[in-house]
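So the sequences go chain by chain: V and R. Residue numbers for the first sequence follow full-length UniProt numbering, so the first one is 1 and each next one is one higher. Residue numbers for the second sequence follow full-length UniProt numbering, so the first one is 1 and each next one is one higher.
Derived from the structure by calculation, the hints contain no laboratory data. Since the model is a prediction, treat every value here as computed from it, not as a measurement. We put the beta carbon where it would ideally sit given N, CA and C, even for glycine. Mixed in with the good hints there might be a few duds.
What the hints assert, rightly or not - Derived pair list, reagent style DSBU-like, types lysine-lysine, alpha-carbon separation capped at 35 angstroms: (1) R:LYS428 to V:LYS358; (2) R:LYS262 to V:LYS356; (3) R:LYS180 to V:LYS237.
Unchecked claim - Stretches of chain R that chain V covers, calculated by requiring three or more beta carbons in the stretch to come under 8 angstroms of a beta carbon on chain V: (4) 331 to 340; (5) 350 to 361; (6) 430 to 438.
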Amino acid sequence: MVEQHKENKEEAATDFHPSPVWLNESYLESLLQSKKKDAGLRITQLDIKPATAKGENYASVMTRVKVTYVKSGAKTPEEGYYIVKTTYENDPVISSIFSGYQASTTEMLMYEKVLPKLSDLIDGTQEPEKLFAQTLHVDYEHDAIIFEDLAVSKHVLADRLAGFDLEHTHMALRKLAKMHAAAAALNERQPGVLTKLDHGIFNRHTEGFGPFFQNMMVMGAEFADKCPELGSYYGNKLRALVKRLMEYSTRVYDPQPDEFNTLVHGDFWVNNVMLRYGEKKEPLDMILIDFQFSSWSSPAVDLHYFFNTSLQNKIRFHQQDALIQFYHKVLVDTLKDLKYGGYIPSLRQLVLQLEKGKFITVSVSLACQGIMLNDQTDNADFNALIQDDERGRNFRRVVYSNKRFQEIVKNLLPAFDRIGLLDVTD
Amino acid sequence: MSVSDLIGALDAIPKLSGSAAPSTNSNSVIMDAPDWLTESYIQDALRDFYGDQRIKITCLQVHPALGKGENYGGVLTRVKAQFTRRDGTCQIGHYIIKSSFESDEFSRNAMEPYDIFNREMSIYEQILPKLKALLHEIEDGEEIFAETMAVDYDRSVLIFEDLSARKFVMPDRLTGLDLKLARLVLRKLAKMHATSAVLNEREDHALESYDRGMFNRHTDNYAPCFLGMLQAASRRVAQWPGYELYAEKLEALLPVYMELGKRVFDVSPGQINVLAHGDLWTNNVLVKYDKETGEAEDVILIDFQYVAWGSPAIDLFYFLNSSLEFDLHLNNQEELIHYYFNIFSETLRKLRFKAAIPSMHQFHQQLQEKAFYGMHTTISILPIQRNVESADADFNALMQSNQRAINFKNACYGNPATQRIMRQLLPKFHQEGLLDADQ
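For reference, chain R alone in the conformation it holds in the complex (with noise of 0.2 angstroms):
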């Protein structure tokens, strides 16, 4: 079912209007929800969040939100809400609401040291807040994340608005995102980095524990996806007439692999350091059409689970090395960049940011020096993102090294646009020094 198919689900259901009703109301529908997540969970929220503690809860649809393959970071579920206020009135509320993987005991152990649940709650609790409210500082009313309804540390549960219910909708994950698209998200993304070294500097460092994504000093855990990606693609391009050299220098970066990834990741002092969101590519990423001209218009980014503080080159090469259209991951990435760096740079200066800025030559210099995740991300990452089969698409898949994961990473390789995009790049990255296992 897709996304587009369960927002036309949930408004075929007919709206009451507001009327005293029985507390197990016949009109909720609760459709695969963990456990705890009962209308009367649903309606504490609501009452904490709105300062209301007579809200009463009329109408409730809890459904799952995405199928296989769209998500690898926890359940989402969706919640549609018609509720009455204190003062009678009938309010619809859209809620989406993100807890961890329950019963996989696996996952749950192999996600441990990433700590990505609670690591999400403080940012949209403590810091996505904060990052608004220096945008307003200096008369910037751009939204850049969904507003956070609740925090349960003890569940482990996020409850933000669902941003559907304003028509914002995941853009195909197949195709990649155009120039318009493109540039919107780096917009965003600008601000949010300017914004998060501005909070750093004012609260002496406070972002800088942030110190666990992807790659990390303090855990290997998600070797075996990485490794087992890298190893299925030199398998893959081992069978690609004259690329055998470069399925060979694949096979040669093991050992260095998580190395080169850590680097990339440890915080390069003399460089300019963000708070970088960590898992940036189309699914992380809302878009609101226009109705009529079809063109996007805004942007949402969501799912902070992987932030980390460093390099602005984290976001950036991950982003445009899995996001965009062939073309302009082929031919546009620094004109993209440029253009980034222009909103980043003003961002930064407009709220007084103390430490020094660097020039975009600069700039460019130490993105290169981090150029490595551009290569991850084409040859590892990508090909997970557009995977077509989604049968066995899910984190066990990824993390595991039996015979099914095997062949889910094998399955990733065979995908024609994946193909397209590596037979381009595999050469530009060997005589950059990419794929030297002594970069």
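Looking at chain V on its own, in the form it has when it is part of the complex (with noise of 0.2 angstroms):
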């Protein structure tokens, strides 16, 4: 969700984050030293280039390198395409409120020791394909991620204000069902590795991103207020839900023990893929990216998710039943392929499971989704979605003002209060 403003670092930034210091030649030559056992290579040729705009108070900074170098004994180069991914300590409020949710250990977690052994389960499977980029090294000591540059391979990221047609959606879903089954598996053989993770974006350690969710409701009660088709009923059920709104996000999070629970990408939405496409501009593979947020839950934690932030109206209004059933074969048959021996729901009990953590669909829709689908980007940075003074409030109304967000807001509170999810019940 915090990284809405990848794609607009082409556009207007002339003045870019400095690369890391310690990011030189001698650093990367031990370190592919290491990883290829070859200690005679040498390299040849380094680019360093940063790719993160200057102005964007996010708490990544992305560096490409483009490295050339040579095998002892061999003759021709080889090149090898990396992103550097550090931690960037702007603003201290943004710094703290994520290290509280220690995204940035759980992304090297993930990166180092997690990501490779799904990968491993997956190519082992009947159908194996590609989810992640692939790690080069995780330094813990520099807070930094190197991983293969994907941007080489042509992969981009999609268009976020228009949505996922099926096709990509289909796409989407299968690679999420692979994941989860995979982590599962993986869970399975080595009991603990992933339950550990608790730190998603609501998690019972931190509510630092409490403000931005609480406020967006405010904001959409008063949206409500002012709308003809909503009204001050709407208004007032949202506002007396703030208080309880952490609370019932957070327990969806809290995986059950009679539920299936795997590990959860966390912040699973449009951005958070890149895609690689064909001539006639056909999807042909996806990469899942981001994994600061992924903890041990249930699947209603990402689907939800990225139903109420990723997909064009039609199918988000119209397929999702399809749309679960179709990921719930993908994950069934997967479970079943690695010899998974845990519970393995059954369609029907994937749907009640999915319904039990329906409130987080509130959660998302009126906060998550407003910002991925504002297209003002002046003032829209992290701090306005945290404070509550003037310039936050106006920002949030120039959210509240997308009509595209609009119509979507008028059709969901309706269907929400239908089944109760706007009452507060404790």
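With the hints in hand, could you dock these two chains into one complex?
What follows is the structure, given as structure tokens:
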């Protein structure tokens, strides 16, 4: 949700964050020697290019690396393209919020230990496919992750404003289901290795993002008050709900013993996948990125998050049942392929489990989706999301003035209310 | 002959003024009635009900009340009795006499374990009046059921007021109810459910012994009907291009279908449970329409043969998937459940129900656990209820497996309105996992 400005960097910015000082030829040469198990490896050429524009108050900075090297005894040089992702302490408030979520630690752990193992498991199934960027190295001392540069293989971000059509959606769900299945199998084989990840966007350790969700719900209430199709019935309900928003959302993330749990991506939306397109603009492949908020939870977390941030309207409003069925089939097929011996929910059981976690659709639609649909990027930064000052309120007002978002909210609030999701129950 | 034709016929008979008349009345007309249903029998019942041993019937009309296809649960006889009271005044009473099937051994045997006649009698005699009293407690004068006049356990006979005399009629069984009517029914249902939950609490779980609903753990006697309909559905659906998968899935449900139905009726301890009506569809609802505007004003629920203690889902899914107009059936079920739930929970609160009242979302989840029943009703029950070819529409055709019965069931699925709703909902049921044998 917070990496929305990746695609803007090419446009306006000429001023980039400098690359990390420790990222030099000597560092990279030792690293490659170690990774390739070749003490005689030599770097012949090195291009380091900052990739994150200044002015973006986000937690991570990307640097693009192209390295040409020659292995010992070899004549022809090889090339390696990498992205170096580092934490950047721009704003102490933002930094402390993100560190409360252990965002960078989680992502380092994911790239170092978890994703490679999940990839191995998927490679061993009947229909293997690539889900993640390959990790080169995780440097805990420098708070850095180095992985393959997907841009080289022509991976790009999709259009977050348009939302996914059915083809993209199916591809994303297929990848997600395989990740979920592999994670369940991994935790079965190494009990506890994944269950300790418990710092998702809603968790029992910090409510740093609380003001964001609450402020957005308050603005949603103001919008409802003035909207003829909605009115103060909904405004009042939302205002009353604000104080329980965090608790009800966090309950969805708490893993339940009699349900199917797995490692959820935690921020699964359009901008956290990269796509490779063919000549006719058809999506050929998709890679999942950004694992700062992964946690051991119900798949409801990823599915509701995805459905309420990333789909074209007609799919989101009319085809969710079919999508769940589609996801379920891949999940079950992959779990069986991996000889998973734990509880595998039937489709109906999964539907009921997703219904239990339905509250998260309220928090995600009214807050995250608003930001993700926003096309007015002035003052669109993390501070504006968190603060309850004039600037923050103005920004939220702008978000709620987006026509497409308004239509979605008008549709959703009555649907939420009908099944009791807007009620304060305890 | 339609119901309104019958009412017209009765009203055309001239009224007599009150004067002494011989006991065998030349004004009595008794048509197609059971043997024991004599003027004397009715007179005795009137005397007991009014506590007036001097009542004398001066004019009596007795006719069958329904045609084929409109009732599979017994014999209904309509009675219009003109009688004099002890003080000489003349009174006209309209009654419905409900008695069990007499001659058909097959039907008797099939229905016997469901005990529908005894159950209905005990409901009308003991339970419904107490539910009415509970509503009075909270100053709610809403009328939900017909007044019981007499209960004869020996003959399995129930006599109650004939609501058609108060201008209650059966709504059109073939088009389904509109939003206003649906809400009226759900309002009554919500109050019936709520008062029953409270009654059960106050009377030490007395209602929990009602455990013989349409699916129950005592008997599978109705299996030939349900499974026969399922198979007929599968045969028909297999003919629709693009629907072959659904036909296969329906067929594959056969071995588990009865068990899935029973799970709906199993009492789930963590859920809120009520005395469900058990057969709540258009034909078990009587409607009073406003003379001028033609708008529905009020409804009464009838036919309590299949009451069972269990989830409100039993009534909600059955009603919403059998008795609504097409658009409402497809699009408005959630909204109607929400409407029902507001009244249900409000009534429970007013009556100081002690156990936990679920939140709307909890209730929604509880219902979803029983959603198989919505699929069952749409696929196996609605086609019976919407059937237009009434020549073979009787209990035997439902329960038997002979050619006549098979033909009847196949004909049910030839109905265009039935096909229309099935075409829309089969994909949805499939996507929700409700056609899976392992659900």
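Check each numbered hint from earlier against the structure, then list the numbers of those it violates in ascending order.
none
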